[in-house]
Amino acid sequence: MVLQHVFIKKNPKIIIMKHYQFYILWLFVCVIAFYSCSKDEDIFLGNDEIEKPEGPGQPDNIVISLVASGLQDIIDIRTSPSFQFDIERSVDAEETVALFAKLTEEEVNEELNDEHTYKYFSDEQWTIDDNPIVFTTGETKKSVTVSFTEPPRTDVPQVYVLGLYLRSFTEEAKIESTKSKIIFRVEIPAKEGTATNPHLLSSVDDLLAMKVKVDAIAAGEEIYFELRNDIDLAGASWMPLVDAGGNLDWGEYRIIHFNGNNHKISNWSCEGTPYASFFGVLIGSCKDVTFENAVVSGTGRPVGIVAGAVGHWGYSNPKTEIVNTHVSGSVDGEVNLNWDWGNPAFAIGGICGVLRQGSSILNSSSSANVSGTAAGGIVGDCNNSGGGSISGCFYKGGTVTAIGGADAYAGGITARIANCRISNCYSSGTISSENGKAAGGITGELSPNTTISNCYSTAKVIANTNAGGIVGRTDGCSNSTVEGCIAWNHSVTSLSDLGSGLITGWINGSNLTLQCCFSNYDIPLVVNGNSVDVSAEFTEDKINTYINDYRYNGGRGATTLKETVGKLELGWSTDIWDLAGDTPKLKWESVIVVE
1 MVLQHVFIKK NPKIIIMKHY QFYILWLFVC VIAFYSCSKD EDIFLGNDEI
51 EKPEGPGQPD NIVISLVASG LQDIIDIRTS PSFQFDIERS VDAEETVALF
101 AKLTEEEVNE ELNDEHTYKY FSDEQWTIDD NPIVFTTGET KKSVTVSFTE
151 PPRTDVPQVY VLGLYLRSFT EEAKIESTKS KIIFRVEIPA KEGTATNPHL
201 LSSVDDLLAM KVKVDAIAAG EEIYFELRND IDLAGASWMP LVDAGGNLDW
251 GEYRIIHFNG NNHKISNWSC EGTPYASFFG VLIGSCKDVT FENAVVSGTG
301 RPVGIVAGAV GHWGYSNPKT EIVNTHVSGS VDGEVNLNWD WGNPAFAIGG
351 ICGVLRQGSS ILNSSSSANV SGTAAGGIVG DCNNSGGGSI SGCFYKGGTV
401 TAIGGADAYA GGITARIANC RISNCYSSGT ISSENGKAAG GITGELSPNT
451 TISNCYSTAK VIANTNAGGI VGRTDGCSNS TVEGCIAWNH SVTSLSDLGS
501 GLITGWINGS NLTLQCCFSN YDIPLVVNGN SVDVSAEFTE DKINTYINDY
551 RYNGGRGATT LKETVGKLEL GWSTDIWDLA GDTPKLKWES VIVVE
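Residue numbers (full-length UniProt numbering): 1 to 595.
These are calculated hints, taken from the structure and not from any lab test.
Quick reminder that beta carbons are idealized off the backbone N, C-alpha and C, glycines included.
Check before you lean on any hint, since a few could be wrong.
[As the list claims (entries may be wrong)] Cut-off 25 Å, straight-line C-alpha distance, at most; resulting in silico cross-link-like pairs (BS3-like, lysine-lysine):
no. : residue 1 : residue 2
1   : Lys587    : Lys460
2   : Lys396    : Lys211
3   : Lys396    : Lys460
4   : Lys102    : Lys141
5   : Lys287    : Lys211
6   : Lys142    : Lys174
7   : Lys213    : Lys141
8   : Lys396    : Lys587
9   : Lys396    : Lys191
10  : Lys181    : Lys119
11  : Lys142    : Lys179
12  : Lys213    : Lys264
13  : Lys287    : Lys213
14  : Lys585    : Lys460
15  : Lys102    : Lys179
16  : Lys287    : Lys264
17  : Lys287    : Lys319
18  : Lys191    : Lys119
19  : Lys102    : Lys181
20  : Lys211    : Lys191
21  : Lys141    : Lys174
22  : Lys174    : Lys211
23  : Lys213    : Lys191
24  : Lys396    : Lys287
25  : Lys179    : Lys213
26  : Lys319    : Lys211
[What the hints assert, rightly or not] Derived DEER-like restraints, expressed as beta-carbon distance ranges:
no. : residue 1 : residue 2 : range
27  : Ser491    : Ser203    : 45 to 53 Å
28  : Gly529    : Ser202    : 54 to 62 Å
29  : Ser491    : Val212    : 44 to 52 Å
30  : Asp60     : Gln158    : 43 to 51 Å
Generate the whole structure from the sequences, applying the supplied hints.
What follows is the structure, encoded as structure tokens:
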């Protein structure tokens with residue numbers, strides 16, 4: 001203090017200069033401080049157009065923006081999990097730094113402003129490279145990549161979104177607000193094998209991989225398949241998709257839905273396995289497919305080209321359906337000399353061995369050669385307590401052969417039937433039980449709670465004992481009905497003297513309703529080598545009684561069947577029948593074409 005005082009005192013001009021320098025320095029510091037404080041804030045430009053300098057870029061004229069902003073749809077992050085986009089800097093300058101931050105769910109919804117319900121990518125489900133983004137001298141554009149990890153798929157498709165916004169970390173650089181945000185929208189398909197995203201089958205390998213996929217799901221779960229084109233298995237040996245192995249009535253099975261898209265699977269075989277067939281035990285559905293030139297042979301369990309068993313005692317929901325499914329080739333099963341209703345293991349059918357629990361087969365056909373203890377052109381054993389049905393189906397041109405002794409049955413549609421309905425069906429070809437008990441153009445044996453309606457047969461029927469143009473025999477047939485059926489068979493032959501007839505053979509039981517049926521007088525009815533004249537045998541008193549009489553016919557007869565007779569005298573609907581030709585036809589036959 002003494003020195004300063006002395007200095008001032010001795011140099012008054014210098015003292016005045018020092019005061020001016022102090023004020024100038026103080027003013028300069030204030031200006032710098034104010035400018036620095038204003039630069040501490042994030043600066044986002046408004047909607048006004050940004051004017052770019054004409055000359056070399058200056059630090060306060062740098063603008064950073066997204067080249068493409070707003071909503072970006074990504075098609076498939078499973079095959080293309082990364083999305084690249086660009087950021088640009090308006091002018092070349094020294095190092096400039098920007099950073100991406102994540103928009104909140106509320107901010108994303110506000111930006112999208114639509115009515116969709118979105119899922120949001122968690123922080124673990126996405127990454128971004130080179131964040132922060134650093135522009136060095138000479139760089140005006142940078143590429144950035146966002147990579148996604150697909151969220152778990154569910155039974156239904158879902159849409160996920162991720163929103164990002166751009167911030168500047170360089171004081172001299174500004175963010176253009178109209179190009180500062182980007183939102184990625186990704187549709188996540190339903191998990192594979194669901195109704196909305198079925199497993200697609202386009203090759204032999206795809207078919208052979210089906211069993212692995214079925215085995216991978218838990219018992220009771222559903223799985224969906226869709227055939228995309230015709231597939232020739234070229235002699236491949238096939239294993240059933242569901243190999244029940246254990247008891248038919250108590251096992252736990254997968255639920256399979258198969259859509260053939262009107263394609264065909266040809267030239268395959270399945271032999272020597274339980275439930276030998278394509279599906280094994282089918283619970284679910286099969287539609288719009290042709291199984292061509294299949295060779296199926298099984299032991300110990302029901303056998304069919306489509307399935308050994310359709311439906312299951314333990315599964316009433318969903319009810320299994322086979323729709324618009326057609327088969328050709330051959331089917332055979334193990335012979336049992338003591339087969340009965342309690343053991344369906346020896347039921348063999350062109351489409352399936354047994355039909356159970358409310359299941360149904362609709363608008364389907366078979367031309368396969370079928371042989372077994374209980375052999376049916378469509379189904380071997382139909383015992384359907386759940387009210388199932390076979391409708392709009394036909395067996396055409398092949399041979400159905402029952403083998404195995406006194407308890408063997410053959411039928412054009414089913415070998416045996418109880419608690420089920422057959423309607424609007426027909427059969428042709430040869431139905432034979434020469435070493436067995438009964439054969440019928442529609443069913444070998446009819447039992448309680450069954451209806452057969454609006455069916456006809458032109459098949460050649462041969463049985464060792466009971467032969468019938470429609471039904472081979474009835475047994476315990478309470479609450480059963482055969483109505484509106486036509487026996488127009490090539491011939492009906494019994495090799496013994498036991499009951500046979502043009503509509504139905506031997507009747508055992510009461511309360512069978514047989515009405516509005518028709519047969520051709522000219523059908524050869526041969527019993528024990530003798531031709532029988534049945535033209536006068538139409539007495540109603542023979543219905544609903546125990547009959548062991550080959551002369552029984554049970555239906556109205558004529559040599560021709562005209563529409564006027566059918567409509568006026570029998571009450572048949574011309575919506576169902578086409579009686580204009582020499583032989584009866586069902587109306588749907590004119591619109592169904594099967595190669």
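Hint-by-hint comparison with the structure:
no. : hint                           : in the structure
1   : Lys587 with Lys460             : holds (23 Å)
2   : Lys396 with Lys211             : violated (31 Å)
3   : Lys396 with Lys460             : holds (12 Å)
4   : Lys102 with Lys141             : holds (22 Å)
5   : Lys287 with Lys211             : holds (19 Å)
6   : Lys142 with Lys174             : holds (16 Å)
7   : Lys213 with Lys141             : violated (48 Å)
8   : Lys396 with Lys587             : holds (17 Å)
9   : Lys396 with Lys191             : violated (41 Å)
10  : Lys181 with Lys119             : holds (19 Å)
11  : Lys142 with Lys179             : holds (15 Å)
12  : Lys213 with Lys264             : holds (21 Å)
13  : Lys287 with Lys213             : holds (20 Å)
14  : Lys585 with Lys460             : holds (17 Å)
15  : Lys102 with Lys179             : holds (15 Å)
16  : Lys287 with Lys264             : holds (11 Å)
17  : Lys287 with Lys319             : holds (14 Å)
18  : Lys191 with Lys119             : holds (16 Å)
19  : Lys102 with Lys181             : holds (10 Å)
20  : Lys211 with Lys191             : holds (18 Å)
21  : Lys141 with Lys174             : holds (15 Å)
22  : Lys174 with Lys211             : violated (60 Å)
23  : Lys213 with Lys191             : holds (13 Å)
24  : Lys396 with Lys287             : holds (20 Å)
25  : Lys179 with Lys213             : violated (47 Å)
26  : Lys319 with Lys211             : holds (22 Å)
27  : Ser491 with Ser203: 45 to 53 Å : holds (47 Å)
28  : Gly529 with Ser202: 54 to 62 Å : holds (57 Å)
29  : Ser491 with Val212: 44 to 52 Å : holds (50 Å)
30  : Asp60 with Gln158: 43 to 51 Å  : holds (46 Å)
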